[in-house]
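Enquirer: One-letter residues, chain by chain:
Number of protein chains: 2
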Amino acid sequence: MNIEQANETAVTRMMAARPILKTVAPARDVIPRMRKNLLLHAGPPIAWERASGPMRGAIVGALIYEGLAKDWDSAEHLVTSGQIDLEPCHEHGAAGPMAGLISASMKVYVMENVTHGNKAYSGLNEGYGKVLRYGAYSEEVLTKLRWMNDVMGPILADALALGDGLDIRALLAESLHMGDEGHNRNKAGSLLFTTKLAPLIAKVVDDKETEAKILQFLGDNALSVLNPVMAACKAMADAGHGVAGSTIMTVMARNGTDLGIRVSGLGDQWFTGPVGQPKGLYFPGFTEEDASGDIGDSTITETAGIGAFAMASAPAIVTFISGTPELALNTTLKMYEITHGEHTAFTIPALGFRGTPVGVDIRKVVELGIRPQINTGIAHKDAGVGQVGAGLVLPPMNVFEEALVAYAERYLG
Amino acid sequence: MNIEQANETAVTRMMAARPILKTVAPARDVIPRMRKNLLLHAGPPIAWERASGPMRGAIVGALIYEGLAKDWDSAEHLVTSGQIDLEPCHEHGAAGPMAGLISASMKVYVMENVTHGNKAYSGLNEGYGKVLRYGAYSEEVLTKLRWMNDVMGPILADALALGDGLDIRALLAESLHMGDEGHNRNKAGSLLFTTKLAPLIAKVVDDKETEAKILQFLGDNALSVLNPVMAACKAMADAGHGVAGSTIMTVMARNGTDLGIRVSGLGDQWFTGPVGQPKGLYFPGFTEEDASGDIGDSTITETAGIGAFAMASAPAIVTFISGTPELALNTTLKMYEITHGEHTAFTIPALGFRGTPVGVDIRKVVELGIRPQINTGIAHKDAGVGQVGAGLVLPPMNVFEEALVAYAERYLG
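Line by line, the protein sequences give chains A and B.
Letter by letter, the first sequence follows residues 1428 to 1840 of our numbering.
Letter by letter, the second sequence follows residues 1428 to 1840 of our numbering.
For reference, chain A alone in the conformation it holds in the complex:
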């Protein structure tokens, strides 16, 4: 077993993957095992009983949205009685921010890695305020979801059908030269996304007000591109998964209670541990006591070599997550110690165009005691309150230790 060679294969595949945004379609039409009584969620597997506040709120919201429940109690009953299945997005080629809920009728972005052929999915980003991904499920939230799904979704599909799709890897590479890191700061990427779509949208919409609303919704939301970026990172990370003997992490995700990782050479097994509590800047009126545990699949960005790993590209992010530009620089430098390679597509101008650190090697994490850094939004611990801040957080060390033990048993035992 040549571990280095296996890791080289895994990371080279991740970097060679070229995810193209092809269309927007209902989850049930494109995600292979999607079905009416299935909800996909962020992070590793979780049951209702151990689910966090925002996760529960989002589950309730999704069931009301689907017309399967009418309120919290009936939704809870459906889930706890086993009439509804909860499964991780990551077990279906998908990735969702925060609670990450995807239900059968929800529209998703369809990303195709044209190098290796695998696909990945993510929902449409809801923007700010009361949103399902933070566990809000009021009528206001559902109304916006319906508009996104029924009005904006088909228009995005029509617009994308006019071209050959959007190269999200190229978009990310450009946005990393424009102060983004791709996880918690996606301002430039969202502008690139909106600007590339705008002429296509103009061609397919008849109603001026609808068109203006969509362009404003995409353009005003500095996270518009987060979901396509997550699907792109999922497509890239998946391309590196399943390489026998590889110790490269290909999934890292949180459900608000547990953080789970998967490793390229260890198949579909999850290694889980308790989520951390992000440290950062809180919005006015909120403190650390209001915070939910770390939540969301958006750590697929760090898994693919961007996000906190590319923070040196995004010095302005510290106004949002606290810290100094030196912290941003040092975070990236530290991540080189636990990664296999330097990205050939994603480079950091401030480091002389050095490639971002890519491919977390679980051996290095355990040996050096350096955990992968995560940039994240912070959710309120209660369902439906929403985002209360943004900051930095680490995964629990046990997940890497346990994965390494499993690796030893499997390959070296």
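Some clues are possibly wrong.
So the derived list for chain A, only partly shown, Cβ under 8 Å to chain B, looks like this [claimed, not checked]:
no. : residue
1   : Ala-1474
2   : Lys-1614
3   : Ala-1615
4   : Leu-1618
5   : Ala-1625
6   : Ala-1629
7   : Lys-1630
8   : Lys-1635
9   : Ala-1639
10  : Leu-1642
11  : Ala-1743
12  : Pro-1752
13  : Leu-1754
These are calculated hints, taken from the structure and not from any lab test.
Each residue gets a CB set at the ideal place from its N, CA and C atoms; glycine is no exception.
Knowing the structure of chain A, use the given hints to seat chain B on it.
Expert: Leaving out everything else, chain B in the frame of chain A:
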């Protein structure tokens, strides 16, 4: 005479200026002394006889565009016989990139400094390829100008009329956090500009193809916002002009032959000297021997404290102008030595959010022998070939020395 106090007044006024893009209108309707037989051009005053190739080509193109000439010879005759007046943009509150031609019927951006009430103007940016600002004047160039003037211009005016105008200082502040420096790299700013205008444009255009074309024209052009930025910088610099006793430079501009500066406390007098030859990266097939002398009013950006002065914000620019990210950083650091203050609106994340160096003090330039750095596009020396590269250039030292002598005679004599 308290020079420091005068300079503090001048620079404080420059920083307090808040330029808002109000509308797009024909030059003759908004620029006070504009008239049919007047052409505005970049840089200090210049006659046909000493004009560079790209300046001559742009003059010819503008006269054909206005229907005043039919070809090079008839255009040259009009100018050399005195039937057409050539005057600097800067003498009319305007600023134009490269040759910077503005004729009576051309649409211009109208910028209003809402703090002090002064206005400034710049034409619409033509994008890439064969363009008037580089001295091209073929039918293809004129056709595009007509479309910009007759189709896009009125739509931009209608779109802007729906809101309160665009705050270009705020846009610039944001773009400096996104890898722009505002002169030679305006990628983020142009995306912000396009994204802010898109929903307004959607509301005022009936024809889908026209709308798609405008959105694509603005979105694909990484210099879309350069002209509004130049008008905004002109409005800011003008706000600092005319302060008795001030040694702050308020204009620096090049016509391809001469570079000229003006100083806040020295009224409308130009101090001129020979332009430099930019050093930089050339497009394939071109070398330094193809280059025109330094040309354009775009140095109003450096005058207002951005452009090369903010290069530390734009490490990725070195892929375009040559050099390393350290060069970008060091350029900004050096400019602090010859400037009066640090900008309160424009900050540089990579320098711990330090304000950009603003307000070139001609005393410091002469004392230290450090000249203001300029980032610039490089024009071909022959009319109509276009851009051949981009790089760095310095103004001639004599303009600062002569201005200082004039200052001494006026205030200390």
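Enquirer: For a quick check of understanding: which of the numbered hints are violated here, in increasing order?
Expert: Numbers 1, 13, in rising order.
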